[in-house]
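Sequence lines, in order, name chains E and H. Reminder that position 202 of the first sequence reads as 202 in UniProt numbering, one-by-one numbering, no gaps. Reminder that position 283 of the second sequence reads as 283 in UniProt numbering, one-by-one numbering, no gaps.
Simulated from the structure, these hints should not be mistaken for lab results. Hints are supplied without guarantee of correctness; some may be wrong.
[Stated by the list, open to error] Derived coverage of chain E by chain H (criterion: at least 3 residues anywhere in the stretch with Cβ under 8 Å from a Cβ of chain H; other residues may be distant): (1) 161-169; (2) 227-235.
[As the list claims (entries may be wrong)] Non-contacting residues of chain E with respect to chain H, defined by C-beta distances greater than 10 Å in every case (computed): (3) Arg-9; (4) Thr-74; (5) Leu-82; (6) Lys-110; (7) Lys-189; (8) Ile-241; (9) Val-327.
Each residue gets a CB set at the ideal place from its N, CA and C atoms; glycine is no exception.
Number of protein chains: 2
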Amino acid sequence: MEKKRVSIRDLAAILGVTPSTISRALNGQGNISEKRREQITKLAKEHGYRPNHIAKSMVANKTFNIGLLLPEFTHNYFNKILAGIESVTYQKGYQLLICTSDELQEKEEKSCLTFLDARVDGILATAGNSSDDLRHFENVLKDGTPLVLLDRICEDLNTSYVVTDDFEGSFEAVQYLIDSGCSNILHIKGPDYISTSFNRKLGYTEALKKNGMEYREEFVLKGDQKAFEKDLNAVLDKHPIDGVFAFSDYYAYDVIQILNHRAVKIPDEISIIGYADEPLAQYISPQLSTVKQPAYEIGKHAAEILFKIIEEKTDEIITKQLKTTLVLRGTTKGT
Amino acid sequence: MEKKRVSIRDLAAILGVTPSTISRALNGQGNISEKRREQITKLAKEHGYRPNHIAKSMVANKTFNIGLLLPEFTHNYFNKILAGIESVTYQKGYQLLICTSDELQEKEEKSCLTFLDARVDGILATAGNSSDDLRHFENVLKDGTPLVLLDRICEDLNTSYVVTDDFEGSFEAVQYLIDSGCSNILHIKGPDYISTSFNRKLGYTEALKKNGMEYREEFVLKGDQKAFEKDLNAVLDKHPIDGVFAFSDYYAYDVIQILNHRAVKIPDEISIIGYADEPLAQYISPQLSTVKQPAYEIGKHAAEILFKIIEEKTDEIITKQLKTTLVLRGTTKGT
Numbered sequence: 001m002e003k004k005r006v007s008i009r010d011l012a013a014i015l016g017v018t019p020s021t022i023s024r025a026l027n028g029q030g031n032i033s034e035k036r037r038e039q040i041t042k043l044a045k046e047h048g049y050r051p052n053h054i055a056k057s058m059v060a061n062k063t064f065n066i067g068l069l070l071p072e073f074t075h076n077y078f079n080k081i082l083a084g085i086e087s088v089t090y091q092k093g094y095q096l097l098i099c100t101s102d103e104l105q106e107k108e109e110k111s112c113l114t115f116l117d118a119r120v121d122g123i124l125a126t127a128g129n130s131s132d133d134l135r136h137f138e139n140v141l142k143d144g145t146p147l148v149l150l151d152r153i154c155e156d157l158n159t160s161y162v163v164t165d166d167f168e169g170s171f172e173a174v175q176y177l178i179d180s181g182c183s184n185i186l187h188i189k190g191p192d193y194i195s196t197s198f199n200r201k202l203g204y205t206e207a208l209k210k211n212g213m214e215y216r217e218e219f220v221l222k223g224d225q226k227a228f229e230k231d232l233n234a235v236l237d238k239h240p241i242d243g244v245f246a247f248s249d250y251y252a253y254d255v256i257q258i259l260n261h262r263a264v265k266i267p268d269e270i271s272i273i274g275y276a277d278e279p280l281a282q283y284i285s286p287q288l289s290t291v292k293q294p295a296y297e298i299g300k301h302a303a304e305i306l307f308k309i310i311e312e313k314t315d316e317i318i319t320k321q322l323k324t325t326l327v328l329r330g331t332t333k334g335t
Numbered sequence: 001m002e003k004k005r006v007s008i009r010d011l012a013a014i015l016g017v018t019p020s021t022i023s024r025a026l027n028g029q030g031n032i033s034e035k036r037r038e039q040i041t042k043l044a045k046e047h048g049y050r051p052n053h054i055a056k057s058m059v060a061n062k063t064f065n066i067g068l069l070l071p072e073f074t075h076n077y078f079n080k081i082l083a084g085i086e087s088v089t090y091q092k093g094y095q096l097l098i099c100t101s102d103e104l105q106e107k108e109e110k111s112c113l114t115f116l117d118a119r120v121d122g123i124l125a126t127a128g129n130s131s132d133d134l135r136h137f138e139n140v141l142k143d144g145t146p147l148v149l150l151d152r153i154c155e156d157l158n159t160s161y162v163v164t165d166d167f168e169g170s171f172e173a174v175q176y177l178i179d180s181g182c183s184n185i186l187h188i189k190g191p192d193y194i195s196t197s198f199n200r201k202l203g204y205t206e207a208l209k210k211n212g213m214e215y216r217e218e219f220v221l222k223g224d225q226k227a228f229e230k231d232l233n234a235v236l237d238k239h240p241i242d243g244v245f246a247f248s249d250y251y252a253y254d255v256i257q258i259l260n261h262r263a264v265k266i267p268d269e270i271s272i273i274g275y276a277d278e279p280l281a282q283y284i285s286p287q288l289s290t291v292k293q294p295a296y297e298i299g300k301h302a303a304e305i306l307f308k309i310i311e312e313k314t315d316e317i318i319t320k321q322l323k324t325t326l327v328l329r330g331t332t333k334g335t
């Protein structure tokens with residue numbers, strides 16, 4: 001199958017006029033009779049002629065496309081961010097071009113190049129959790145393409161971003177565990193190199209400190225890894241654990257599975273709070289208490305900031321931090 | 001913020017040579033000394049020069065981009081399809097540009113135009129469930145851009161596709177319900193206008209017929225709508241229902257919630273089988289029996305077919321139908 005796209009030249013040949021006549025007729029310019037213009041428009045339509053959008057956008061320096069880089073869509077959180085972004089781009093008449101990085105540095109770099117090559121008018125991006133090399137984002141900024149980061153902050157990158165207050169959200173969750181009687185609280189921490197892991201752990205440690213409770217290194221376990229079950233069982237064997245604050249709902253679910261194997265009563269013996277309010281939080285029983293992030297709003301605000309930068313051609317760095325909500329369900333006790 | 005991109009002209013001005021010298025040096029052509037070539041390459045690198053990919057691809061008639069149109073990502077099914085596609089495109093060195101239609105005709109049409117304007121080398125698409133107007137896909141084919149459909153067939157469209165055998169998958173599920181003792185089986189049907197709804201309902205009716213059971217119109221309810229709870233309660237009040245075959249796991253979950261309100265014992269009093277094996281099927285208790293679709297393989301095969309068409313420039317229509325697997329869990333009895 002060969003690409004066959006009708007060109008202005010083809011239309012000109014059919015009517016025996018110059019390509020310039022066709023072009024002027026279709027662009028509503030120049031000294032052309034209405035009759036001829038109608039004839040040309042009709043012919044263009046019949047032959048499925050579409051103006052060369054790329055060539056056009058090279059002149060206008062606009063494509064009305066926005067690049068969106070997200071790690072993946074298996075977490076519903078990123079779906080809700082997408083919905084928030086689309087609520088703005090759709091209304092503005094822009095199209096989203098989405099690339100996923102699978103948290104891989106290489107795919108993240110390639111996606112940035114693809115966006116620049118496609119001449120997108122701006123980029124919204126969540127940095128993958130494996131990347132501490134940020135040159136691809138620096139190149140986007142150097143290129144003059146507006147960039148707004150979502151969800152995860154890259155401290156070294158001088159650009160606009162929208163995040164949630166992960167520190168406060170985590171602090172509040174751990175404070176609730178303490179208020180409901182927990183005194184030996186584990187933290188299941190997230191992947192290295194991402195700001196959300198750092199901030200959620202900080203909320204945990206600061207809540208302990210504020211309540212005069214000792215921070216113990218052995219009470220912080222790394223989630224989502226092969227040895228997790230062994231690690232958790234070891235600390236449960238040794239210490240009278242009565243609370244767990246997990247980096248994500250999925251990590252919390254892993255904890256619940258292991259506690260079920262040990263026939264631990266939730267929340268009577270151990271309380272659990274997850275993070276993000278993923279759908280699974282309501283599917284499992286008991287339903288999971290969790291810290292709900294305003295994912296839709298994150299996407300919406302990030303898109304609004306991006307359009308402000310595009311439309312006002314401003315160099316201003318705009319940052320926004322949104323609040324979380326503690327959602328109490330069946331895995332925690334009352335205070 | 002203004003776009004500033006270093007051009008060949010800029011580099012030429014810095015070194016006091018012609019743009020053509022710069023171009024020949026960077027493209028490894030022409031009669032240029034190694035020393036000069038090195039000097040130019042170094043300068044280009046320092047100034048972050050990237051060849052104008054769009055202009056280049058207009059000449060090569062290739063962008064190494066594939067357009068992917070999916071309805072949404074809230075169903076994990078589409079995530080797995082994406083992973084399958086990426087396993088092929090990534091290895092081939094192609095980049096995916098993703099657009100979501102939210103099952104809206106208008107967004108589907110716009111996405112097709114965006115893909116054509118971006119000069120993608122091919123398109124993979126799942127038709128939204130609201131579209132019976134297929135002109136946008138016809139235009140893609142007219143344009144000469146290879147198109148492979150995924151998951152849902154559009155009978156009137158003469159193009160390649162990969163689907164699962166929904167008829168067989170549904171037939172097998174209903175046969176299992178009958179074999180395990182169910183004789184009054186409801187079907188919760190899917191949205192109109194998509195082939196999967198049609199085929200799953202057909203599997204249900206044919207299984208009843210083969211077993212000499214009467215097909216009753218009032219045993220087929222439309223899922224995912226306001227009156228569903230009322231509709232289901234009405235039929236449960238009137239008939240001794242003992243089995244449910246649902247169009248999707250989410251529909252099955254809705255049924256389970258309503259049955260829980262009525263204190264119906266699952267599977268002792270009513271057996272339930274869903275469709276797709278979404279993550280929720282394993283999160284709920286009892287875990288949901290379901291028809292598992294090979295989503296990853298659908299994506300992989302569709303991408304492979306697309307590359308065959310692109311690389312061999314063939315007009316051949318290639319179709320593939322993959323088998324489902326019945327996964328038995330806690331919502332069904334043994335036979």
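Quick rundown of the hints versus the structure:
no., hint, verdict
1, 161-169, "violated (count 0)"
2, 227-235, "violated (count 0)"
3, Arg-9, "holds (15 Å)"
4, Thr-74, "violated (5 Å)"
5, Leu-82, "violated (7 Å)"
6, Lys-110, "violated (6 Å)"
7, Lys-189, "holds (23 Å)"
8, Ile-241, "holds (24 Å)"
9, Val-327, "holds (17 Å)"
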